[in-house]
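Using the sequences and the hints given, assemble the complete structure.
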Amino acid sequence: MKARFIKENSGLPLIMPTLVVMALFSVLPLIEGFRLSFTDSNLLNKGEHWIGLQSYVKLAHDPIFWGAFLHSLVLTASVVVLQLVLGLILALALKQEVPGIRFVRSIIMASWVIPVAATAIIFQFMVEPGYGFYNIVLHALGIKANNFWFGDLQLAFPVIILLHLWRNVPFYGIAFLAAIQAIPHTTYEAAEIDGAGPWRSFVHVTVPGVRNMMIVMVTIHVLWTFNNFDMVYLSTGGGPVYATEVLPVYLYLQAWQSYSVGYASSIGVVMFVVLMIYFVVYIRIYERRET
Amino acid sequence: MLVSLCEEISKARSVTKIMKRKLIFGGLCFGAALFIASPALFATGTSESASSSGTSGGTLSFWNMPFVTQEVSPDYVKTWLANVKTALPGYTVSDFFGPGDYDPLRAKFLIQASSGTPDVIEGLLEDTAVYVQKGLIEPLDSYFNAWADKDQFVQATLAPLTIDGKLYGIPYNTNARGLIYRKDVLAQYNLPVPQTWNDLISEGQAITKATNAQMYGLFLCTKVGDPRAPQEVISWWFQVGGGQPMFTISGGTKTYNPTIAQLTEILTLYQQAFAGDTPAIDPAERGNGWPSEDPGYTSGKWAMAPEGPWLWGRRNGDPAAATILDNSVVTALPIPPGGTAGTYLEVKPIMMNHYSKDKAGAWKLIQFITSKDNMGNWMASSGGIPARTDSLDLPVFQGPLGNWLKMFAALLPQAHAQEPINWGPVSDAEMHAINYVIYGQKSPQDAAQWLHDTVTGLITAGTI
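Sequence order for the protein chains is A and B. Each residue of the first sequence is one higher than the one before, counting from 108 in this note's numbering. Each residue of the second sequence is one higher than the one before, counting from 369 in this note's numbering.
Keep in mind the hints are simulated off the structure, nothing from the lab. If you're wondering where the values come from, they're calculated on a predicted model, not measured in any experiment. Any given hint could be a false lead.
[As the list claims (entries may be wrong)] Some chain B residues flagged as far from chain A (calculated, every beta-carbon gap over 12 Å):
#: 1; residue: 449
#: 2; residue: 530
#: 3; residue: 590
#: 4; residue: 611
#: 5; residue: 655
#: 6; residue: 657
#: 7; residue: 803
[To be verified] Chain B stretches covered by chain A per the calculated footprint, using a threshold of three residues with CB under 8 Å from any CB of chain A:
#: 8; region: 459–471
#: 9; region: 591–600
Yeah, the Cβ is synthetic: ideal placement off N, Cα and C, and Gly gets one too.
Shown next, in the form of structure tokens:
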């Protein structure tokens with residue numbers, strides 16, 4: 108009996124250190140976050156009280172929260188889809204053996220390597236009126252524009268999307284390129300023999316070949332984009348008015364400006380639940396397709 | 369592939385009992401080693417304060433923003449570190465000065481102050497109130513009153529750091545906000561120095577018109593999250609409100625003093641600044657903040673702006689900016705009809721961690737930081753006004769820099785400090801109200817109502 112128990116659980120001690128670390132740094136903060144969301148915890152006040160669902164009721168009636176929620180969903184959906192499409196196009200372009208392509212491949216990841224804070228500052232300068240890069244380019248193209256783009260109600264949000272694309276599309280491109288290069292060349296030759304043109308080869312050979320990579324990229328980037336705080340906070344702070352407010356920024360402001368940790372935790376719990384729903388649905392669809 | 373993997377797993381399961389025991393033993397040893405090592409790993413963050421325990425010497429830490437962001441020169445910091453060694457024999461002052469920005473500085477201190485690190489912290493005036501409310505900083509009255517230098521400090525800078533009758537910080541940096549204007553531009557277009565808000569707007573529009581928008585008349589910060597924008601708002605409030613504080617604090621109860629009409633008046637100023645065919649402020653600068661305000665002025669993009677003495681630093685290595693600043697004068701901010709002269713008083717304190725393991729050492733460090741020479745040289749390096757009168761006697765304050773600072777120092781008598789509350793959410797609400805107005809989302813009156821409701825709501829919720 109004892110020998111069998113040891114035999115069946117011999118791997119447990121090996122994974123125990125990892126489980127302990129995960130419990131300490133992932134599970135406990137998560138549980139604490141859930142607990143805090145049911146309290147009126149505020150860093151400025153001593154003690155905290157159990158308030159049940161009051162924070163969630165307040166969220167339901169908070170127009171800034173709903174605006175931020177909508178912005179987060181739109182930002183995540185648009186950024187992930189655009190990154191996917193543009194990344195695939197970039198990968199196909201990088202695959203071509205043309206002069207200088209090796210150099211391009213080696214520097215293409217620069218935007219991803221630059222720290223987000225530096226990226227946000229670069230964009231701050233690029234969208235400035237007068238000497239900003241975008242306004243200069245538009246002016247050269249004969250388009251009369253001289254806006255502070257982050258201060259424009261209509262343009263601030265698209266520029267945030269642009270910022271995400273500028274940073275992440277090369278990452279997608281390199282990842283997809285690696286996946287494309289792993290597709291055996293003979294598969295393309297077979298498709299060609301069967302009469303497939305470039306488009307059909309792309310649809311029936313390339314896309315299935317990079318499908319697993321797409322799943323990985325979409326999964327992690329939905330998570331990253333939905334939870335992304337620094338790009339918006341450093342670029343616009345959520346303004347002008349509330350045009351670029353997203354959930355992580357709203358959560359941060361509640362926690363570190365108002366010090367309302369309880370309310371901020373309830374926003375965090377909502378974000379967690381939304382992402383969990385997404386992953387459950389996504390994995391179900393994926394598993395169904397696999398079977 | 370999967371089948372072969374299963375076979376491999378099957379093989380692995382058939383290893384001898386000895387092998388298994390070794391694996392189990394190894395795993396347990398690793399787990400035990402991690403468990404034993406964990407206190408040491410987690411304790412690294414507090415090693416500084418642990419080593420500073422004891423009364424005769426040790427390690428002291430001083431978190432501040434300017435040393436990290438190079439608001440003062442790296443050479444100054446190097447000299448400072450060398451001098452502190454001599455001034456505090458037996459002590460080692462850490463050359464880690466904290467995260468380098470006020471937001472994370474405050475956040476980290478709120479979380480980790482009870483560990484005893486840092487021993488001494490620099491911050492904004494509004495941080496003091498937050499720390500006092502949490503009991504994280506030490507009252508300094510007994511130390512300060514026993515200090516021979518105490519009479520050298522400007523009384524107006526000590527008052528805002530006194531909360532509930534106790535002094536919680538030693539001021540090191542002060543300034544009053546004034547209107548900087550281009551005397552050459554005003555002379556060129558025969559415009560007098562603006563005295564009222566109406567003058568400010570009309571003359572701003574006149575400059576924009578006269579230069580065909582090559583130069584705009586004015587700049588005001590309007591960016592959400594910009595630290596300087598709410599400081600400009602509070603200046604307008606002191607004028608509209610006759611110098612009374614924005615909040616009255618009595619027995620733990622806070623009252624928001626501005627009326628809807630007064631807030632409407634302030635918001636109308638912002639609306640008018642962006643209004644018209646030749647607006648006083650460049651409409652393209654809507655929603656922009658200090659990163660544009662300062663270089664914009666010193667590059668000649670606008671002729672007037674509320675500014676502080678830090679603008680002096682823009683002269684360095686930029687002859688064009690130096691020429692513009694040579695052609696500039698600082699005067700009192702214009703006032704609204706029926707208003708009184710008033711402006712924002714900036715005071716930056718040096719505070720002692722209540723949980724410092726060596727308070728005597730921490731006080732010695734504060735004395736060093738706020739001594740005549742060190743405060744004076746720090747301010748000379750960063751373009752601030754020292755909070756000690758004797759520091760201004762240093763040779764470094766003679767000449768052009770001294771004249772520059774005197775223009776701001778002359779405004780100190782009309783300057784008011786902010787009340788000790790958590791200003792973050794109030795500032796955020798103010799900037800959103802201004803955004804509502806300048807983007808045409810709400811009328812000044814509606815935005816004022818919204819602002820009033822929001823701030824009173826914050827009081828009710830205990831957020832500020």
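Verification of the hints:
1. At roughly 26 Å, the least C-beta separation between residue 449 (chain B) and chain A is larger than 12 Å, which holds for a residue marked as non-interface.
2. The Cβ of residue 530 (chain B) sits about 20 Å from the closest Cβ of chain A, beyond the 12 Å cut-off, so the non-interface label holds.
3. The claim that residue 590 (chain B) is not at the interface with chain A is violated, since a C-beta of that chain comes within 12 Å of its own (minimum 8 Å).
4. Once the 12 Å rule is applied to beta carbons, residue 611 (chain B) is consistent with being away from chain A; the minimum gap is 27 Å.
5. In this structure residue 655 (chain B) is not separated from chain A by more than 12 Å, as the shortest Cβ-Cβ distance comes to only about 3 Å.
6. Separation of residue 657 (chain B) from chain A is inadequate, the least Cβ-Cβ distance of about 9 Å not exceeding the 12 Å criterion.
7. Not every Cβ of chain A is farther than 12 Å from the Cβ of residue 803 (chain B); the closest lies at roughly 4 Å, contradicting the non-interface assignment.
8. For a cut-off of 8 Å, the count of residues in the region 459–471 of chain B with a CB near a CB of chain A stands at 1, and the three-residue condition is violated.
9. Check on the region 591–600 of chain B: 4 of its residues sit with their Cβ under 8 Å from a Cβ of chain A, so the three-residue criterion for coverage holds.
Hint check: violations occur at hints 3, 5, 6, 7, 8; the rest are consistent with the structure.
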